[in-house]
Amino acid sequence: MAGEMKKSKKGLVAIIVAIAATIVVVSLLMNFHVCDFCGQSFFGQPYQAGGKSICMTCAINYHWIS
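Mapping of the sequence shown onto my numbering: residues 1412 to 1477, in sequence order.
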């Protein structure tokens, strides 16, 4: 009985570690950024304006892109 409980704990720990590793890899691949103007978090490539990293909404609103 104690052996089965030990195995199930090891299995649970392995699952938790696998989920955590998956979350880290996915977040790195999604390219997370925060806009320097509005503070909104977004995924994908930021626009660069005057050394600032900005989101598409700010880029459109401030006419950096059309």
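If you are wondering where the hints come from, they were derived from the structure by calculation, not from laboratory data. Incorrect hints may appear among the rest.
[To be verified] Beta-carbon label-pair distances, calculated as ranges: (1) S1438 x Q1459: 34 to 42 Å; (2) H1474 x V1436: 30 to 38 Å; (3) S1464 x E1415: 50 to 58 Å; (4) I1471 x V1424: 17 to 25 Å; (5) F1448 x I1427: 18 to 26 Å; (6) S1438 x K1463: 50 to 58 Å; (7) Q1451 x L1423: 33 to 41 Å; (8) I1434 x Q1456: 18 to 26 Å; (9) F1454 x I1430: 48 to 56 Å; (10) F1454 x V1428: 22 to 30 Å; (11) Q1459 x I1427: 37 to 45 Å; (12) N1472 x K1421: 27 to 35 Å.
Note that the Cβ used here is the ideal one computed from N, Cα and C, for glycine as well.
So, going through the hints one by one against the coordinates:
no.: 1; hint: S1438 x Q1459: 34 to 42 Å; verdict: violated (22 Å)
no.: 2; hint: H1474 x V1436: 30 to 38 Å; verdict: holds (37 Å)
no.: 3; hint: S1464 x E1415: 50 to 58 Å; verdict: holds (52 Å)
no.: 4; hint: I1471 x V1424: 17 to 25 Å; verdict: violated (47 Å)
no.: 5; hint: F1448 x I1427: 18 to 26 Å; verdict: violated (38 Å)
no.: 6; hint: S1438 x K1463: 50 to 58 Å; verdict: violated (23 Å)
no.: 7; hint: Q1451 x L1423: 33 to 41 Å; verdict: holds (37 Å)
no.: 8; hint: I1434 x Q1456: 18 to 26 Å; verdict: holds (22 Å)
no.: 9; hint: F1454 x I1430: 48 to 56 Å; verdict: violated (20 Å)
no.: 10; hint: F1454 x V1428: 22 to 30 Å; verdict: holds (25 Å)
no.: 11; hint: Q1459 x I1427: 37 to 45 Å; verdict: holds (38 Å)
no.: 12; hint: N1472 x K1421: 27 to 35 Å; verdict: violated (53 Å)
The earlier numbered hints that this structure contradicts are 1, 4, 5, 6, 9, 12.
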